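Q: Start from chain A and add chain B according to the hints.
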Amino acid sequence: MIYNLYIFNPMGQCLYYGEWERSKAAAMSRDEEFKLVYGMLYSLKSFVSRITPAISDNFQCYETNKYKLSMYETPSGVKFVINTGLDWSSQAISEMLQSLYKEVYVEFVVRNPLVSLDSAIESELFKNKIEHFINTRIKEVS
Amino acid sequence: MIYSVYIINKAGGLIYDEDFSLNKYTEEHTWQEHPIPLVFTADTGRVLVKFGEIGAIKPGYSVIAVNKQPVSGTMGPVDIPIIDMINDPKSYPLTLTFGKGKVGANEKLMLASMFHSLFAIASKISPVDESSGIKQIQTEEFVLNCFQTITGVKFFVIVDHKQTATEPLLYRIYELYTDFVLKNPFYLIDMPIRCELFDQNLKKVIEQIERASAYSSATLT
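If you read the protein sequences in the order shown, they are chains A and B.
Following numbering that gives the first Met the number 0, the residues of the first sequence are numbered contiguously, the last one being 141.
Following numbering that gives the first Met the number 0, the residues of the second sequence are numbered contiguously, the last one being 220.
Quick caveat, the hints were computed from the structure, so don't treat them as lab data.
Each hint should be verified, as a subset may be incorrect.
[Unchecked claim] Restricting the straight-line Cα-Cα distance to at most 20 Å, the calculated cross-link-like pairs of lysine to aspartate or glutamate (EDC-like) are:
(1) B:LYS123 / A:ASP30
(2) A:LYS126 / A:GLU20
(3) B:LYS123 / A:GLU62
Since the structure is predicted, the reported quantities are computational estimates derived from the model, not experimental observations.
Isolated chain A (complex conformation) (with noise of 0.2 Å):
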């Protein structure tokens, strides 16, 4: 069960986002649930680096009694978060959403020449693409 996915970019905004299965509307717009939650992971990552025990440390996911919130970044500061069920184990989830990056953002984002990362992508081949992803990764599962 994937519910829906995120993706930032270094500053803040967010390219892409992507919904699946969402049964709860959120209280609030478009913009702000995004602010709130690109908020909520820079306040977790924080969290994460002063609590550890060891001396540096990346968080990499939580769950609660619902759902399971996996984030992947990459040294560039880009954020892949995808909300999913309880039964994605966070290797599964840590190497989809490696393979998201390599096979779908890298080629149809980074290499494509007129997209701009200020901005939520636009690109109708990469929306394409990114769905098409998803769906396959929900019907291995099922």
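A: Below, chain B alone, put in the same frame as chain A:
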């Protein structure tokens, strides 16, 4: 391995914190002569490695012991600033132990409130109805498990990846809280916990669990 236990009251304030088995991540190195190929900085009350790498010692490590004597802050064991000791050829051979500096009390208070808010936001941004707050956070080095009671008190523990059965641990800590804190007639609710019996029993429970997991990992190998 259980690193720490924190208890937060319903307003988000930290009322109890305790660290166990800390400084698992320490490195010791002895230098025979000046200079040491590391750049140090006395930053925010600690001596940190700012630049340079020797083995596992990297930027971010702070000096926690000089010549095997623990230090806190920037002053060495005989009241000489550590940075001066490092720069003075006469103090060699010098043994420095590196680790993560202890998280200060104020910082812990702040982190607890931060967690309280993050816990609530997780429930708010949920794509599914009726989600609880954060039950578990996973990172590269630790796992944080949280249990919220019906009254809003949160118990969370920071453990390593090998630790299993953290839910029973959280319930056990809750049990100790009800027995030795809430039933203490001198304890004011939502105030910082200063109950000796609670500390003692918590230490016993943690030791019991560490022994049990050490035994099970020994039998597996």
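Q: Decide if the proposed pair is consistent with the structure: LYS123 of chain B and GLU62 of chain A, CA atoms, cutoff 20 Å inclusive.
A: At roughly 13 Å apart (the allowed maximum being 20 Å), GLU62 of chain A and LYS123 of chain B satisfy the hint.
Q: Is it true that the CA of LYS123 of chain B sits at most 20 Å from the CA of ASP30 of chain A?
A: 15 Å, holds
Q: Under the criterion that the straight-line Cα-Cα distance not exceed 20 Å, is the pair LYS126 of chain A, GLU20 of chain A satisfied?
A: Given that 20 Å is the threshold and the Cα spacing comes to 17 Å, the pair holds.
Figure legend: structure checked against the earlier numbered hints; every hint is met.
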